[in-house]
Amino acid sequence: MNGLEVSRLKKRYGDVTVVDDLSFHVGPGEIFGLIGPNGAGKSTTMMMIIGLLQPEGGTISFDGERFNPQNLDMRSRLGIVPQELAIYPELTTIQNLRFFGGLNGIRGNRLKERVDYVLDLIGLRQNADHTPSTFSGGMSRRLNFGIALIHEPRFVVLDEPTVGIDPQSRSSLLDAVRQLGRDGVGVLYASHYMDEIEAVCDRVGIMDRGKLLQIGTLDQLLDRSRIDLCVTVASLPPELRTELESIAEVLTEPDGTSRILVRETLEAQKQGNSVHLRRVLELLERTQTPLLGIKTQETSLETLFLRLTGRTLRD
Amino acid sequence: MEFWEITVKDLRLILKDRGALYTLLALPVVFIAILGVSTGQLITTHDAAKLVKIGVIDEDQSEISEHVYRDLGAIGGLQVSKIENRNEAKLRLQDGRSSVVVILGKDFSSRVDDLNLSDIFDTEHGKLSAGLAAIDMQVESSAAFVGVAELVQYVVLSAVLRVVAPEVAKRNALLSRILSRMIEQHQEELEARGVEEPRPVPVKPGASIIYQTLVPAFMVMFAFFLVNIMASSFINERKLGTLKRLQVSRVTPVQLMFGKTVPFLIVSIAQSLLLFSSGKLMFGMSWGTYPLMLLPVILTTSLSATGLGLLLATIVRTESQVTSYSTFLVIVLAGISGCYMPRDWLPDLMKNVSLGTPHAWALIAYQELLTHEHPNMLIVGQCCCILAAFGVVCFLVGCVRFRKYEYSR
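As given, the protein sequences belong to chains C and X, one line each in that order.
Going by the working numbering, the first residue of the first sequence is number 1, and it counts up by one from there.
Going by the working numbering, the first residue of the second sequence is number 1, and it counts up by one from there.
Rather than coming from a laboratory, the hints here were simulated on the basis of the structure.
Yeah, the Cβ is synthetic: ideal placement off N, Cα and C, and Gly gets one too.
You may find that some hints are simply not true.
What the simulated footprint calls covered on chain X by chain C, stretch by stretch (three residues with Cβ under 8 Å from a Cβ of chain C suffice, anywhere in the stretch; the number is not a length) [as the list claims (entries may be wrong)]:
{"id": "1", "region": "11 to 24"}
{"id": "2", "region": "234 to 243"}
{"id": "3", "region": "247 to 258"}
Calculated pairs, BS3-like style, for lysine-lysine (alpha carbon to alpha carbon, straight line, at most 25 Å) [said to hold, decoys possible]:
{"id": "4", "chain 1": "X", "residue 1": "244", "chain 2": "C", "residue 2": "10"}
{"id": "5", "chain 1": "X", "residue 1": "127", "chain 2": "X", "residue 2": "106"}
{"id": "6", "chain 1": "C", "residue 1": "10", "chain 2": "X", "residue 2": "404"}
Using the sequences plus the hints, can you model the full thing?
In structure tokens:
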């Protein structure tokens, strides 16, 4: 199979299993988003994919070939954009690009062509001879991204590539990521920004506690868990609340009001079989509970993510 | 040749890091220069500052005391000047204007008159057995010259005897005639040969031997300053996240280590050459009989320093660890090995202990080449081999550690 194939990957630190039986596939030209709360195992997974951590079980393959970190040719198919700014602040943009190009065996005219291509892609041509110490956060992030592409990798791993940058640089970077996909480069994109994942990823995997909780295209994930209706009521008697919680999610707001989130699948809604919604409305009518508002709520990746991983704070 | 990319990059970074450059290149030169200035060897460059400053109080004010004063001034290595009285002498000894003071007392000439020929020829049993005091002379020295005061006494006594002996001899009628005849004959011979009577020429003291030891000692110590900068370079790569990029590139762990070692090796060699050049220009130190043989010692010393630096880089994880470990390596090992003082001053136990440090082997090799007219090349070769082996072993252990802890944990 072409692209990246991760199969039954496992990793433990002492007694703690940080990656547990993880499997997914990223095809050529596909942008795969990996999201999860802190400590979900994303970074460990990425470190194993780039060969800096040894898995305790499972396999990683590129284009059908089992990944061997000692194989330099295989290594040069990979590009990484670490979360930190992995650039030399004292070297100029062009020196940074040339250095990492040379390090990956690119020389002469090819290096010159690649440097020109990347400078245009990341929009730093005017700053080619400037050092990153004079750059804004966004410019440094773009260089950090560009370095990963200098040797024309077939697969790129991006770890939070847009942390702390302005909307313009972010938009430019996301465009560049889409361009990678169009050029046939497979991308593994990890981020906490759900809107970015929604904007650029073809498929998404939601990870927590080392396991992949959900995987699929955005439409598949969102359809499965669509929240159809949000009913706001003044207050709920305890017995009614218990009854409602068996068919919907009930949230108490700081001002004392309650929100009843009624979920229906897209399929049920289309067929007019909104069983849960009918039941909620019947209960509220029977107990004469005053309605403060009622609205349909748009389903988002963030609400899905929070529902799957919970609202408890993670360290 | 991917390692070369890392070497060029690190050389660029070192050249841009003025602080590191100053520590590696300028600081040792400045350090030795300050040392030179503080010991009075740099500004005047040569003779005057190297002379022992002797003040003479002539309380006797006789012809013979004046003769002794002139004769002392003709001795090489001494800078002789007159002092008015004993109070001034005390001040001059305290503030260092004089290292030693010679006092010719009021009775000097009368005591000389009392001397017999037997006192001159039998100094062990005659009046001079009491030393200079017998002819009303005293020698006082400053605290820094207490150790050489006795030596100066002998020098002064010999100068006095040179002046006094002919005078005493003249008092014997027979000896006086013989002496006069000998002097006349000598003058006639010189005139017949057309040669002027040779005047006594003060012996110019050569370059102080201390710099033959001092310059290489501090050079070795500063060569090991590299361990700090090397380890910091690794910490910086980790901190920036660039180490991760280097690791996933087409560079093997050994190439990566090699690429990061070579620039510091180049800097270390440049540092040593600069220090030897400065030593020659500023202190007039000699490069020994075989200057070219210094090159393998410089190379292998640098190799051992960079090897140690690389090993340290694979051990430390934080800047404060770099500081504490490298301070130990630089200061303590330099102290153990004899960088702060000539190795000959070390007790035998310390000399043996010091052989566990690369510094000691470098110092032995330099000492052999710089302070022996015919150095034993076997010793130099042995030192070079040990230094090279130390560097290579550190490099290999560093590579193993780096691979184990940074790759595929």
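Results of checking the hints against the structure:
1. 11 to 24: Holds: 4 residues of the region 11 to 24 of chain X have a Cβ under 8 Å from chain C.
2. 234 to 243: Result for this restraint: holds, n = 3.
3. 247 to 258: The restraint on the region 247 to 258 of chain X holds, since 6 of its residues have a Cβ under 8 Å from chain C and three suffice.
4. X:244 / C:10: holds (22 Å)
5. X:127 / X:106: holds (18 Å)
6. C:10 / X:404: holds (20 Å)
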